[in-house]
Structures are given as C-alpha cells and as structure tokens.
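Q: Residues per chain, in single letters:
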Amino acid sequence: RIMPVRWSRYNPSYLEPEVKKESYQKPLEELTEEEREQMELKAVQPIKAAPPTLSSSVFSDPMISKFTNMMMKSGNKVLARSLMSQTLEAIKRKQLEKYHKAPENEKETIECNPYVIFHQALKNCQPIIGLSNITKGGKTYQVPVPLTDNRKRFLAMKWLITECRENKHRRTMMAEKLCQELLLAFNNEGPVIKRKHVLHKMAEANRAYAHFRWW
Amino acid sequence: AVGRVLRLCRRWGAAPRAQMLRLICTTTAVQKKNVGASGPEKYTEAFIKKQIEEFNLGKRHLANMMGEDPETFTQEDIDRAIAYLFPSGLFDKQARPMMKHPTEVFPEQRKIQWGEDGRPFHFLFYTGKQSYYSLMHETYEKFLNVLKHQDQLVAEDLPLQKEKRNLAGSRWLTKIELEEMLLEKLSDDDYSRFIQLLQKLVALPCADIEENYIQKFSKKVPVQLQKVVIEPLKYNEQGVAFSTGEGKRKTARATAIVYDNGTGKITVNGTDILHYFPVLQDREQLLFPFQFLGRIGKHDMVCTVSGGGRSAQAGAIRLASAKALRSFVTEKEMEFMRQAGLLTVDPRVKERKKPGQEGPRRKFTWKKR
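For the record, the sequence lines run as chains U and V.
Just so we're aligned, residue 1 is where the first sequence starts under the working numbering, counting upward by one.
Just so we're aligned, residue 216 is where the second sequence starts under the working numbering, counting upward by one.
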C-alpha cells in the first residue's frame with residue numbers, strides 16, 4: 001500500500017509513474033501472472049505526471065536526487081545539483097589518482113565508478129536499529145526499535161550532510177568535504193560510521209527496555 | 216460533482232504508521248453524511264406513511280396545475296414544474312425548493328431493536344455494532360463454505376476453477392456506502408478488516424460459488440478510458456511530416472511542433488535550448504519523451520512558451536512534445552508513455568496563502584505574551 005503524503009492535488013486513485021524503459025520492453029510471454037494482472041490494472045487506472053527530477057535517462061538516479069534535495073537550501077536546486085556533480089567528479093579524480101599510483105595487482109580492487117561508491121557508502125552508513133523515546137510512568141526511556149528502509153536511508157544521508165556542514169574546516173568546499181566523507185564511509189571508516197556504531201551500542205545497552213515497544 | 220473535503224485530523228493510533236488522509240478531489244459518494252446511523256428512529260412509520268400520501272396527492276395537484284396527465288407524471292416532470300413555479304437564483308442547488316419522494320428526504324433509519332419486554336431481537340445486540348458483526352460472521356461462513364467446496368473438489372481430483380475475476384472494472388463499496396447499507400456507524404479499522412476479508416474470499420480459486428454475495432459489495436467503475444483522438448500527421452511544403460501539441464504546467468503554456476526526418480535540433484522561442492535553458496535538469500526534461508521512445512536524433516522541434524518559471528516552462532514543453540509525438544507512435548507506445556507519466560497534466564499549483572497565517576502552511580511566530 002502506498003502511504004499518501006499528508007494530502008496531494010491528485011485523487012488517491014492515481015498511481016505512481018514507471019519511468020524505466022526496461023520494464024516496458026519485456027515481451028508478453030516472459031511476464032508472470034502477477035505482472036500481467038498488474039499491467040491490466042494499470043491500463044485502467046489514471047497515472048500521475050512524472051516529476052521534473054525524474055527522467056528515463058541513464059544519468060537520473062533516485063538516490064542521488066533524494067540526496068541532492070536534502071542538500072538543497074531555500075530551494076536552490078541549481079546550486080545543490082552542481083555541488084553533487086562536483087562531488088562525483090572529485091570522487092572520480094581521487095580514485096583515478098589512486099588507480100594510476102597503485103601497483104598492477106591492486107588495480108582491479110580499486111573502484112572508480114562514483115555512483116557505485118556513493119551507493120556503497122550510503123549502505124555502510126545505514127543503521128540497522130534505532131532508538132525511540134517512550135514515556136512510561138513519568139520517565140522517558142530510549143527504547144531500541146527496528147527502522148524502516150526509508151528511515152535508514154534518510155538517517156544515513158542526514159548524518160553525512162550534517163557531518164560535512166558542521167565538523168569540517170570552514171574554508172574547504174562542500175564538494176571536497178562530501179567527497180572525503182563518502183570515500184571514508186566506503187571503506188567503513190570515518191565519523192559517520194562511528195556515529196552509526198555509537199547508535200548500535202546504545203541500542204544494545206538499552207536492550208532491557210525493548211519490551212516497552214508495543215508495535 | 217467534484218468537491219473538496221477536509222477530514223478532521225483523526226487521533227493517532229498506537230501504530231506509528233497511522234496516516235492523515237485529507238482528500239482534495241472527491242466524488243459526491245464520499246461527501247454525503249450518513250444520517251441513518253445516527254440513532255434509533257426519530258420519526259415513526261405512521262409519520263412516513265402520511266408524508267407519502269401527502270406527496271402523492273401533491274403530485275396529482277401539481278400535474279393538474281401544469282395541465283399534464285396525473286398518472287404519467289414522473290420525478291423529472293416534478294422537478295421541472297417546481298423550477299418553473301418557484302424560480303430561485305440561490306447558488307447552492309440543495310437550498311432551492313424541491314419536491315421529492317419522502318424516502319429520499321427522510322433517510323432510512325434503524326427501527327427500535329428491542330421488543331416490549333426489553334429483550335433485544337438480534338443475538339449480537341450487546342456488541343454495540345450488531346449489523347457489522349453479523350455481516351463479518353456471514354462473510355466468514357461463506358469463506359468456510361468455499362474452502363469446504365475446494366476440499367471436496369480436491370478429494371474428487373477435479374480441477375479447481377481458475378477463471379480470473381476481472382478486478383479492473385469494479386471497486387469495493389466505500390465506507391460511507393457500507394454504513395448506509397448497515398445503518399450503523401463504522402470505524403476505519405472495521406471497514407478495512409471487512410474489505411480484507413472480502414479480498415481473501417475473492418482470492419480463493421472457487422470463489423465463483425459465492426459470486427452473488429460478493430456482488431452485493433462491489434460496484435462497477437465506469438472505465439473512463441478517454442479515447443483520445445490521435446490527430447493524423449500533417450505535411451508541410453517540403454513534404455516533411457509534422458504534428459503539433461500543447462502543454463501546460465503551473466502558469467506556463469507551451470506549443471510544440473515536432474518535425475520528422477530531423478537531426479535532433481530543438482528551438483525554443485527562436486533560440487537554441489542550450490541558450491534558453493542553461494540548467495541541465497530542464498534540458499533533460501525536454502529530451503525525456505524522445506529518449507523514452509528512443510527517437511533522439513530523428514525529430515526536430517520548434518516550440519513557443521510563455522508564462523511560468525524556468526522549471527514550469529520545461530515541464531510545459533515536455534507535455535507539449537509528448538502530445539505531439541503521439542501521432543508518430545503506435546498505440547502500445549502511447550500507452551507506455553502514459554504509464555511513464557508523460558501525458559498527464561501536472562495539477563500541482565502554488566497553494567494560496569490563508570488569513571491568520573504567514574504563508575500557505577507557515578503560521579505566525581508563536582509568542583507566549
């Protein structure tokens with residue numbers, strides 16, 4: 001079930017658009033029963049318009065768009081997008097430097113694709129369990145609680161951005177700072193990973209209160 | 216009629232996944248208030264009977280007045296006669312004078328549920344929602360029936376019927392329609408449980424036995440596949456095929472002319488797109504329909520756009536070009552374009568500022584004193 005975001009100008013019966021070209025190129029025989037049913041249903045339901053950030057080109061990635069939106073301040077999407085592209089460029093440059101300096105046997109282990117590095121770094125930063133404040137008998141306890149996928153991704157991105165904005169030297173550019181953070185997170189080092197481990201330890205420490213959760 | 220409904224913010228349930236649904240576009244079915252479940256009868260049967268007699272008498276008088284035959288005087292004739300005799304300029308149609316059959320004016324209400332000795336008639340009366348629980352029991356009985364039938368067929372080694380029910384053309388009753396049917400107030404949770412049970416019942420292979428029962432709770436959705444007329448290709452002087460399309464987004468309006476046998480050049484308001492849209496995102500949006508269909512270098516485009524901002528103009532041109540490309544493309548590809556969201560007009564506009572607030576959502580700074 002799709003959860004409507006508060007309210008929207010669309011009627012609730014409108015479905016999300018499917019932009020990827022591959023999903024429309026499968027021949028009829030390969031589809032399973034469920035997919036066929038879904039196709040039939042989709043043919044009758046109205047569909048929302050694709051948002052301006054979404055496109056079927058190979059360069060549009062939903063995670064990158066989400067991250068760009070979170071970096072954006074006061075609606076300045078142009079600046080946020082340029083920062084993002086500068087970050088990816090910086091990652092590529094650093095990795096290529098390493099690649100050319102490395103000896104022959106290590107050349108294959110070095111990852112040069114900035115998108116792969118970005119996705120892996122985000123995955124490494126995602127916490128598995130979170131804490132939630134539950135008030136019982138007048139006292140507020142920090143109770144360990146499972147997190148949904150969306151929440152994990154949001155926390156990972158938020159931590160990366162706040163880390164870059166606050167704990168770095170004032171004169172460095174955001175692209176550089178982000179690039180450093182992403183490379184550290186890719187190798188499971190760095191302050192963001194440390195923050196994730198701290199959260200996990202707190203959750204482990206508060207294991208005793210886990211039964212306070214009722215959902 | 217399409218109207219706006221703001222459902223009041225419901226109390227958050229225990230689960231964090233509770234949602235706040237506020238519908239903007241609704242139909243009249245969702246708007247009506249259910250009067251029938253508000254309590255036991257407010258008017259007696261005798262009263263209703265008298266009202267019906269008066270209505271029929273009044274109908275005959277009206278027919279006489281209009282000079283028509285009293286026997287064949289339909290409700291539409293009554294409405295026309297009343298509109299003629301009592302013309303009203305009131306805006307709200309429901310405030311104008313009307314003459315309707317008493318069963319429409321006085322909605323059906325629940326009769327008193329207990330006899331003279333105080334004992335209730337229904338065995339589930341003390342649950343509080345007797346019709347809802349009896350309905351759930353009935354549906355579950357049908358479910359067990361179907362399972363039994365299935366087991367019988369499996370025991371006799373007969374194949375299970377696998378005729379798929381066409382889900383596309385029907386919908387379940389809404390909560391308000393169900394409340395009207397049961398004459399009892401329901402909560403959202405109750406309603407969703409009932410719908411889940413119905414879906415489980417329908418999902419069984421041998422559910423065709425209980426088709427009659429299930430049809431009581433489903434309604435046909437008028438399939439509004441607006442068959443859009445695809446315009447045929449036009450040919451200009453050089454014999455090159457072209458087609459036009461119009462698009463809009465927020466306040467921007469755009470017209471696009473897509474030519475065949477082109478090199479992929481796109482001109483906007485006389486300038487090249489590289490000069491008109493310096494931002495990469497806008498150019499990506501312009502190329503989106505072509506890239507989706509795989510026709511990037513094959514068409515030329517000339518567009519005019521006015522109004523709106525940079526992103527709105529890009530969106531308007533995208534819609535215009537998608538509409539123009541419909542003439543070049545097969546029906547299947549057109550369906551794919553629609554499912555990719557290229558052919559829908561984006562209804563999102565700037566929300567108005569409300570009085571007492573600084574913006575559409577932002578409230579004024581709260582000061583303690």
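No lab work stands behind these hints: they were computed from the structure.
All figures in this text were calculated on a predicted structure; none of them were measured in a lab.
Treat each hint with caution, since some may be false.
List time: in silico DSSO-like cross-link candidates among lysine-lysine, alpha-carbon distance up to 27 angstroms [stated by the list, open to error]: (1) 435(V) x 77(U); (2) 435(V) x 158(U); (3) 168(U) x 92(U); (4) 390(V) x 435(V); (5) 390(V) x 66(U); (6) 390(V) x 73(U); (7) 139(U) x 77(U).
Q: So which of those numbered hints doesn't the model satisfy?
A: 1, 2, 5, 6 and 7
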